[in-house]
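S.K.: With this note's numbering, letter number 289 in the sequence shown gets 459, and the count goes up by one each step, no holes.
In case anyone wonders, no lab produced these hints; they're calculated from the structure.
The structure presented is a predicted model; accordingly, all values stated were derived computationally and were not measured.
Beta carbons: idealized from backbone N, C-alpha and C, even for Gly.
Treat each hint with caution, since some may be false.
In silico lysine-lysine, DSS-like type, Cα no more than 27 Å apart, as pairs [said to hold, decoys possible]:
#1 Lys-290 to Lys-300
#2 Lys-321 to Lys-340
#3 Lys-425 to Lys-439
#4 Lys-454 to Lys-474
#5 Lys-313 to Lys-454
#6 Lys-311 to Lys-425
#7 Lys-321 to Lys-300
Simulated restraints on C-beta separations [claimed, not checked]:
#8 Thr-335 to Lys-300: 35 to 43 Å
#9 Thr-335 to Ser-457: 33 to 41 Å
#10 Asn-315 to Leu-253: 28 to 36 Å
#11 Ser-468 to Thr-335: 20 to 28 Å
#12 Lys-474 to His-347: 20 to 28 Å
#13 Val-380 to Lys-246: 20 to 28 Å
#14 Glu-244 to Val-275: 40 to 48 Å
#15 Lys-321 to Lys-246: 33 to 41 Å
#16 Ala-274 to Asp-448: 42 to 50 Å
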Amino acid sequence: MSTEYHLGLLKAKLAKYRAQLLEPSKSPAAKGEGFDVMKSGDARSTFLSLMTSTASEAASYEFTTLTCIPGVIEYKGANIQLLDLPGIIEGAAQGKGRGRQVIAVARTADVVIMMLDATKGEVQRALLEKELESVGIRLNKSKPNIYFKPKKGGGISFNSTVTLTQCSEKLVQLILHEYMSTSEIFNAEVLFREDCSPDEFIDVIVGNRVYMPCLYVYNKIDQISMEEVDRLARRPHSVVISCGMKLNLDYLLEKLWEYLALTCIYTKKRGQRPDFTDAIILRKGASVEHVCHRIHRSLASQFKYALVWELP
171 MSTEYHLGLL KAKLAKYRAQ LLEPSKSPAA KGEGFDVMKS GDARSTFLSL
221 MTSTASEAAS YEFTTLTCIP GVIEYKGANI QLLDLPGIIE GAAQGKGRGR
271 QVIAVARTAD VVIMMLDATK GEVQRALLEK ELESVGIRLN KSKPNIYFKP
321 KKGGGISFNS TVTLTQCSEK LVQLILHEYM STSEIFNAEV LFREDCSPDE
371 FIDVIVGNRV YMPCLYVYNK IDQISMEEVD RLARRPHSVV ISCGMKLNLD
421 YLLEKLWEYL ALTCIYTKKR GQRPDFTDAI ILRKGASVEH VCHRIHRSLA
471 SQFKYALVWE LP
């Protein structure tokens, strides 16, 4: 148990120091010259050119893309903006290779498409996940169901509605005292509504984490064996494609639509057929009120009723 508390304290310290490290520097850093090593790329630029009308420079080596190149995918009546970002190198979270700028854009996305070279996808995937994790981007995870609110007094109030197997009240208090010692907050209310780990609790304390879906897209499957293709395709949140041979791109679009959680809504005037040429694109779970606001902001207050059909 003492080892568990020690690890919790170390994780709290690490989160605190990492947050301080990622804060913008007040003094401008000296700009040094750099170079790109010529290696086989993962074909992000080729993918952008294939899926959109945007021409992005493509080559057979890494780091062809040096800036953010936007494109638009037209799919099911929706215009989906696709951003081709420069490749992330090790140390991007600390600013190497303009990593902070790249990651800042990624934090605003609805879905991350992680383009990986199928011949070395495991190494690339581990590196990218590590860099994104270190700057607070949580891929394919939901926000921990923990209520946390700093207070002006009363000390630390701890409660739980479930049985905790990874955290205890003592560990939570130690983490709070360690992390909050520099923030001048010594009083807080904590309520665990699910069994969470110390790392997840620290994420809630920090408060700047971003939770977003991610599709791991393994390209160049024409260069690996069928057994390896099958293994990669069975991994969670993964799609296998070949930009060079234009294989499985339609399925990738279907998965992208699924991960965006969008739905098409078609309007119908009384006595007429629905207009399937102009869809209203909203998130799944949207209500009739959301549709009214999309049409006109004053429509909802005057609206009486609606008939809703689901297409087969």
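S.K.: All hints are to be evaluated individually against the structure, with a verdict given for each.
M.R.: Hint by hint, here is what the structure shows:
no., hint, result
1, Lys-290 to Lys-300, "holds (16 Å)"
2, Lys-321 to Lys-340, "holds (19 Å)"
3, Lys-425 to Lys-439, "violated (32 Å)"
4, Lys-454 to Lys-474, "holds (23 Å)"
5, Lys-313 to Lys-454, "holds (19 Å)"
6, Lys-311 to Lys-425, "holds (17 Å)"
7, Lys-321 to Lys-300, "violated (34 Å)"
8, Thr-335 to Lys-300: 35 to 43 Å, "violated (26 Å)"
9, Thr-335 to Ser-457: 33 to 41 Å, "holds (38 Å)"
10, Asn-315 to Leu-253: 28 to 36 Å, "holds (31 Å)"
11, Ser-468 to Thr-335: 20 to 28 Å, "violated (52 Å)"
12, Lys-474 to His-347: 20 to 28 Å, "violated (57 Å)"
13, Val-380 to Lys-246: 20 to 28 Å, "holds (26 Å)"
14, Glu-244 to Val-275: 40 to 48 Å, "violated (22 Å)"
15, Lys-321 to Lys-246: 33 to 41 Å, "violated (48 Å)"
16, Ala-274 to Asp-448: 42 to 50 Å, "violated (34 Å)"
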